[in-house]
Amino acid sequence: MEAFCAAAAAASQAGAPWAFNPCLVIDEGPRWATGVGITVALTALALVLGFMVALPLAFIRTQRHRVFDPLVRGYVYVFRGSPLLVQLFLIYYGLAQFGFVRDSFLWPFLRDAWWCALLAFTLNSAAYQTEILRGALEATPKGDREAAVALGMSPWLAARRILIPAALRRALPQMGNEAVFMLHGTAIASVITIQDILGVGRMINGRYYVVYEGLLSAAALYMALTGLVVLAVRALEKRYLRHLYR
Amino acid sequence: MKRIALAAALAAFALPAAAQDLKICVEGAYPPFSQVTNAGALEGFDIDIANALCAEMGKTCEMVQTEWDAIIPALEGGKCDAIVASMSITPERMQRIDFSAKYYQTPAKFAAAEGVDWKDDDAGMAGKTVCVQRGSIHQGYMEGVFPSASLVLYPTQDETYLDLTSGRCDAIMADSIAIQDGFLNTPDGKGYAFFGGDHAVPQYHGNGAGIGVRKSDPELRDALSAAIAAIRASGAYSTINDKYFPFDIYGD
Amino acid sequence: MNSLVGAAPLLLQGLWVTLSVAVLALLLATALGALSAAAKLGGGPVARGAAAAYSTIVRGIPDLVTMLIVYFAGQRLINGVAESVGLEGVEVSLYGAGVLSIGFIYGAYMTETFRGAYLAIPRGQLEAATALGLSRRRTLTRIIIPQLMRFALPGYANVWQVLVKSTAVVSVIGLADLVGLALKIGRRERDPFTYLIVVLVAYLLITSVSGWLFQRAERRLARGT
Chain V
278 MEAFCAAAAA ASQAGAPWAF NPCLVIDEGP RWATGVGITV ALTALALVLG FMVALPLAFI
338 RTQRHRVFDP LVRGYVYVFR GSPLLVQLFL IYYGLAQFGF VRDSFLWPFL RDAWWCALLA
398 FTLNSAAYQT EILRGALEAT PKGDREAAVA LGMSPWLAAR RILIPAALRR ALPQMGNEAV
458 FMLHGTAIAS VITIQDILGV GRMINGRYYV VYEGLLSAAA LYMALTGLVV LAVRALEKRY
518 LRHLYR
Chain E
546 MKRIALAAAL AAFALPAAAQ DLKICVEGAY PPFSQVTNAG ALEGFDIDIA NALCAEMGKT
606 CEMVQTEWDA IIPALEGGKC DAIVASMSIT PERMQRIDFS AKYYQTPAKF AAAEGVDWKD
666 DDAGMAGKTV CVQRGSIHQG YMEGVFPSAS LVLYPTQDET YLDLTSGRCD AIMADSIAIQ
726 DGFLNTPDGK GYAFFGGDHA VPQYHGNGAG IGVRKSDPEL RDALSAAIAA IRASGAYSTI
786 NDKYFPFDIY GD
Chain F
60 MNSLVGAAPL LLQGLWVTLS VAVLALLLAT ALGALSAAAK LGGGPVARGA AAAYSTIVRG
120 IPDLVTMLIV YFAGQRLING VAESVGLEGV EVSLYGAGVL SIGFIYGAYM TETFRGAYLA
180 IPRGQLEAAT ALGLSRRRTL TRIIIPQLMR FALPGYANVW QVLVKSTAVV SVIGLADLVG
240 LALKIGRRER DPFTYLIVVL VAYLLITSVS GWLFQRAERR LARGT
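Protein chains in written order, with my numbering: chain V, 278 to 523; chain E, 546 to 797; chain F, 60 to 284.
I should point out that these hints are in silico values taken from the structure, not numbers from a laboratory.
Every value quoted in this text rests on a predicted model; they were computed, and no experiment measured them.
Zero decoy hints are in this set.
Covered, in the sense of this in silico footprint (three residues per stretch, anywhere, with C-beta under 8 angstroms from a C-beta of chain V), are these stretches of chain E:
| no. | stretch |
| --- | --- |
| 1 | 613–622 |
| 2 | 693–699 |
| 3 | 709–717 |
Derived SDA-like pairs: lysine to any residue, alpha-carbon spacing no greater than 20 angstroms straight-line:
| no. | chain 1 | residue 1 | chain 2 | residue 2 |
| --- | --- | --- | --- | --- |
| 4 | E | 760 | V | 285 |
| 5 | E | 647 | E | 783 |
| 6 | E | 735 | F | 249 |
| 7 | E | 624 | F | 152 |
| 8 | E | 760 | F | 142 |
| 9 | E | 624 | F | 141 |
| 10 | E | 760 | F | 147 |
| 11 | E | 624 | F | 147 |
| 12 | E | 673 | V | 389 |
Over the 12 angstroms line for every Cβ pair with chain F, so calculated as not near, a few chain V residues:
| no. | residue |
| --- | --- |
| 13 | 284 |
| 14 | 285 |
| 15 | 302 |
| 16 | 329 |
| 17 | 332 |
| 18 | 386 |
| 19 | 422 |
| 20 | 423 |
| 21 | 445 |
| 22 | 509 |
| 23 | 514 |
All residues carry an ideal CB built from backbone N, CA and C; glycine is no exception.
So here's chain V without its partners, still in its complex pose (with noise of 0.2 angstroms):
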């Protein structure tokens, strides 16, 4: 074993174009170990929190109520019309260069980049979120909404009961899309100095001088978080929508 390292190690060293490294991979474990911890710990805040906010706008947008509708619609059209990248960046440096933000009580949180990022990837994955739960909720049959109705609930016990549900099933592959969408975008993340998985990839690339052993595990890692995400939403459609399996 010490002697594959030793190899391999000298190998890389030398720039081979085909050396690849395994044990300098394994080696910073525990560096690995943390990237993956934040990735996952940003995507599935990212993600609930973005639901929690998605929600009731998902609602506004459905009852087009006079005020809020067209503001719900501005920000899911910015925030969907946009690069994330640029969101992030304008919530990171951008904020950072007025007075008055650094001033106020918001600035130890957005003084840290994780802060930042969770910041920018929820409102970002709210407004995607939004037209999801909006598109499922509009495609309640009208059936169902009378039935409530004829049966006496409340609009708001009817939502919980019957209409959330519903929606949230016919959303199912929709959110599970979002969410390797949110996965992948995470990678972001790394440009404003969060130590993620591809963070941790650069700075092994750049600490030991070489190139396919950070950024060829970044890569194997995000695959295998996807194929867990994939396995897991193909998991719940099996269980909530077998209705709709032969």
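Put chains E and F on the given structure of chain V with help from the hints.
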């Protein structure tokens, strides 16, 4: 005298080969050594030295702006033939590439808001957010000697200055001259100053900044070393040096 | 305000880089998507396996990671191959890496678009074409391609919208696109906010205008249905 003779001999070898194109990797984000003007042109101490050396060697040089992270792979991959980017000669880097003789040597220092009374040892910097350039000797030094500090890595040195002024960083550590001329002497650097002493540990900081070349290129390495000696002797070095700095940064 | 006006030529240059990368990448993605869809639909097990692997790998890795791999690792790989064959390596430029990686990524998404569009063509029409004695070429040009275009258009438009936004990431490898230039200038002027807002508005304009153009095209192709 011997050095001049050696330089002349090597120059004589170079001349018959005609003005060959030599590609030089530079960074462009490390004032005052290497930066990009508003118009997009490269300027700085590193650039001037590179041009002077090329003139001395009788070759035409092309500057290739490269990201710091990718600069050694760029050299190995043939995107350029030499690296003139204030790269310190460290044992770790010597395993990958070769270096010419040094062309300057200055110590590293901490900088923070004026008037902080922190001690520049591990205990004194515990928990403080210190910002350094990713992949630099300062990252290695901080990780090795200041493990209790909270280290944040940036792709360029420039960005550490920005985040120091915005309050994201408590302190930065980098080459003292780079901080002095690239930051403290600029309008943004008002209210900031060095604290603590010089830091120069050969194991981490190496022995000065040299010109990186591929290990398979010993002739280029020697030609560059000779050219450095030549411009030191001819006064071309001090002309360039005095343009930027009030003292000779070659070190001893 | 003055500096913004002064920076306009440079920003327009960045906009040109962004748009040209996007369009070239779209062409590459279309070609790769068509090939891959053909492989999935009519190819043997090897072709289908390759297409499936292509899809899975590309859609499992973030855009930024793919781009970094194409630029850094790709260069090293090319050098290695060139060396072993005895040729001079080709240099992977920042621009080339951007176009190649984005085209490569979205080719995988286009595969599904084209595949779905082909499968949406009623089987009966193809059978009728054979019954009428139309040659394979005629069937392709008169029956398949027009309908394919109509069915693929919504998905194609979607992929374009995502693709054009992902071009922002090329700034991370150092290409002087709109985002990269705006950030550089913004930092120098100590006003990244203004310049980033300009970039935001530019992208909103691009996606809005694209969306409108594609909608018109969809309506046009759906005439007569």
